[in-house]
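Spelled out from the first residue to the last, the chains are:
Number of protein chains: 2
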Amino acid sequence: MTTLNRQWQLASRPQGEPTPANFRFVEAPLPELKDGEVLVRHHFLSLDPYMRGRMNDAKSYAQPQALGQVMGGGTAGVVAASRHAAYAVGDTVVGMGGWQEYSVVSGGERALLRKVDARLIPLSAYLGTVGMPGVTAWYGLTQIIAPKAGETVVVSAASGAVGTVVGQLAKLRGCRAVGLAGGPEKCRYVVEELGFDACIDYRLHPDLKSLSAALSEACPGGIDGCFENVGGMTLDAVLQRMNAFGRIAVCGMIAGYNGTPIPITQPQLILQWRLKVQGFIVSEHMEFWPEALQEIGGLVAARKLKYRETVAQGIAAAPEAFIGLLKGRNFGKQLVKLV
Amino acid sequence: MTTLNRQWQLASRPQGEPTPANFRFVEAPLPELKDGEVLVRHHFLSLDPYMRGRMNDAKSYAQPQALGQVMGGGTAGVVAASRHAAYAVGDTVVGMGGWQEYSVVSGGERALLRKVDARLIPLSAYLGTVGMPGVTAWYGLTQIIAPKAGETVVVSAASGAVGTVVGQLAKLRGCRAVGLAGGPEKCRYVVEELGFDACIDYRLHPDLKSLSAALSEACPGGIDGCFENVGGMTLDAVLQRMNAFGRIAVCGMIAGYNGTPIPITQPQLILQWRLKVQGFIVSEHMEFWPEALQEIGGLVAARKLKYRETVAQGIAAAPEAFIGLLKGRNFGKQLVKLV
Numbered sequence: 000m001t002t003l004n005r006q007w008q009l010a011s012r013p014q015g016e017p018t019p020a021n022f023r024f025v026e027a028p029l030p031e032l033k034d035g036e037v038l039v040r041h042h043f044l045s046l047d048p049y050m051r052g053r054m055n056d057a058k059s060y061a062q063p064q065a066l067g068q069v070m071g072g073g074t075a076g077v078v079a080a081s082r083h084a085a086y087a088v089g090d091t092v093v094g095m096g097g098w099q100e101y102s103v104v105s106g107g108e109r110a111l112l113r114k115v116d117a118r119l120i121p122l123s124a125y126l127g128t129v130g131m132p133g134v135t136a137w138y139g140l141t142q143i144i145a146p147k148a149g150e151t152v153v154v155s156a157a158s159g160a161v162g163t164v165v166g167q168l169a170k171l172r173g174c175r176a177v178g179l180a181g182g183p184e185k186c187r188y189v190v191e192e193l194g195f196d197a198c199i200d201y202r203l204h205p206d207l208k209s210l211s212a213a214l215s216e217a218c219p220g221g222i223d224g225c226f227e228n229v230g231g232m233t234l235d236a237v238l239q240r241m242n243a244f245g246r247i248a249v250c251g252m253i254a255g256y257n258g259t260p261i262p263i264t265q266p267q268l269i270l271q272w273r274l275k276v277q278g279f280i281v282s283e284h285m286e287f288w289p290e291a292l293q294e295i296g297g298l299v300a301a302r303k304l305k306y307r308e309t310v311a312q313g314i315a316a317a318p319e320a321f322i323g324l325l326k327g328r329n330f331g332k333q334l335v336k337l338v
Numbered sequence: 000m001t002t003l004n005r006q007w008q009l010a011s012r013p014q015g016e017p018t019p020a021n022f023r024f025v026e027a028p029l030p031e032l033k034d035g036e037v038l039v040r041h042h043f044l045s046l047d048p049y050m051r052g053r054m055n056d057a058k059s060y061a062q063p064q065a066l067g068q069v070m071g072g073g074t075a076g077v078v079a080a081s082r083h084a085a086y087a088v089g090d091t092v093v094g095m096g097g098w099q100e101y102s103v104v105s106g107g108e109r110a111l112l113r114k115v116d117a118r119l120i121p122l123s124a125y126l127g128t129v130g131m132p133g134v135t136a137w138y139g140l141t142q143i144i145a146p147k148a149g150e151t152v153v154v155s156a157a158s159g160a161v162g163t164v165v166g167q168l169a170k171l172r173g174c175r176a177v178g179l180a181g182g183p184e185k186c187r188y189v190v191e192e193l194g195f196d197a198c199i200d201y202r203l204h205p206d207l208k209s210l211s212a213a214l215s216e217a218c219p220g221g222i223d224g225c226f227e228n229v230g231g232m233t234l235d236a237v238l239q240r241m242n243a244f245g246r247i248a249v250c251g252m253i254a255g256y257n258g259t260p261i262p263i264t265q266p267q268l269i270l271q272w273r274l275k276v277q278g279f280i281v282s283e284h285m286e287f288w289p290e291a292l293q294e295i296g297g298l299v300a301a302r303k304l305k306y307r308e309t310v311a312q313g314i315a316a317a318p319e320a321f322i323g324l325l326k327g328r329n330f331g332k333q334l335v336k337l338v
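Chains E and A supply the protein sequences, listed in that same order. Quick note on numbering that gives the first Met the number 0: the first sequence kicks off at 0 and runs consecutively. Quick note on numbering that gives the first Met the number 0: the second sequence kicks off at 0 and runs consecutively.
What the hints contain is simulated information worked out from the structure, not anything from laboratory work. Source: prediction; values computed, not measured. One or more hints might be untrue.
No distinction is drawn between identical chains; accordingly, a pair holds when it is met within one copy or between any pair of copies.
[Claimed, not checked] Heads up, simulated DSS-like pairs for lysine-lysine below, C-alpha to C-alpha not over 30 Å straight-line:
#: 1; residue 1: K33; residue 2: K208
#: 2; residue 1: K275; residue 2: K147
#: 3; residue 1: K170; residue 2: K275
#: 4; residue 1: K275; residue 2: K33
#: 5; residue 1: K336; residue 2: K147
#: 6; residue 1: K305; residue 2: K33
#: 7; residue 1: K208; residue 2: K275
#: 8; residue 1: K326; residue 2: K147
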């Protein structure tokens, strides 16, 4: 059998915002499976903000995405052929298959291909709430912010794959959860569907003073913890409203990915309020994944943790969906459905 | 006996840099001692950067310095009269007597009046290396930076009361210690007298690129820990050279005290290098003082921890000495000698 595999490669590094021209569409036959290898047909491809960082050729925590290679990324799929005893055709698996329809994985690399149970939890959720974004939320909230009941936790990009989990987990821990999101529809969802106490539409607050005032109103007791997915003016406004000994988990700086860093204008507040500001990357804390996934998976299976997905159709749609994600056009976890 | 007490009160709040006109000199007789009270004659008054923050009428961790009241501050002196059983005339004590020649203290408030042994350790040292600045250095280094042997620790204001202790304690823990100080004389002292591995004269590096390059040269293995006494461009330059999982203890933002905040221009580096940036105030961690003072006091008594003092003479000199401190004119711990 010769199966055609269609994939997106990185053609060139973006200057500022990525454009479709930065990606190259390639079609090629799949190689024969060798002993110990598994062929996975991807049903879902995950699109995540961190991918923008990897498109730069900058010294960073991850190797940059190589030019002329398939774009990396999380995938969920079904084993289509197997020459490894631990995997059978039909197994549902998640891995890092990249922006393509199929991947060939060495079955021995357990971390790269994990069997999952798609009966109680939909397969796509393993790329979002029950996957990397969910564990990201869990880690930053429980290990860096570590909120006590009654404290106020603010999360930016609150309707996104990470933010939805942060706020719901905070509520389950007895906190006041306040989100920031773009537009009335997302804000309504965050409060009415997810149960946050308040959600600020940042688009209504184009300047620091206005955003800071909105935070004051939504957080009458000040802010004890902030899960920062965005950076930029949001971070500045939050700093102005932090309580003493507040904790800021820095998970994303999406506002700065496209080239222009956005300063923290009043860093003296870190001293004034004795804050802890800590950056983290969830893939460096694998020891917490089992505990995190156990809690999150149980909550999703019990329908106590909600999520929402934006699903683009077909491998051809990946670049546009990714560019939209960086502009906040998605609503919840951004996926590409391939099957 | 009617003793005249001369003191400095806060006359007005500074706009930007403090001027002598912000202070009022007042002479008044001392009151009669009541039962349980102690009269302390101050031999030394401590001048510290934190006092600038308290001169503002801003919401902060400490009550602002009240207008028309004696300027607060640490003092070391000798008991001149006592109506408290625990204190005898001639006892050497440290306390928070303020910018004046005498203070009357209720002997029961132990935290406010502490007997010290001035035989092995000079009385003035209890306001510097063996006092609040020394414990500040110890806390930030051991509890926030927590360096391992072989790591590189950078400290700004390296020749100052806090910085001298940070670097020497880091060396004793097997670290590479790199200072920043203003001018060749201070830099020479930091390296040749205190044993730092390198010291950068920040005056030779007026822009970020130049300062960053100097840090690269002085820290060939990158920076693992930074004890930040200054803020501003130094913090920005250090951020560019931090290693993954670096820790920045934010102890001072002297560059920003005079009104104009100095931004962190590349906060995305906090995420990129998974840094922890944490502000602290040593007076909120009193439980660590005994352990810190035991280590520091032992090292000073054994002459293994060096320090230097700039001593202004007489109570009248306090405001000018304080203004000079904020401009970096002092060399080591700034004191006013009153007796």
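Open item on the list: Flag every earlier hint the structure violates by its number, smallest first.
Closed with: 1, 4, 5, 6 and 8
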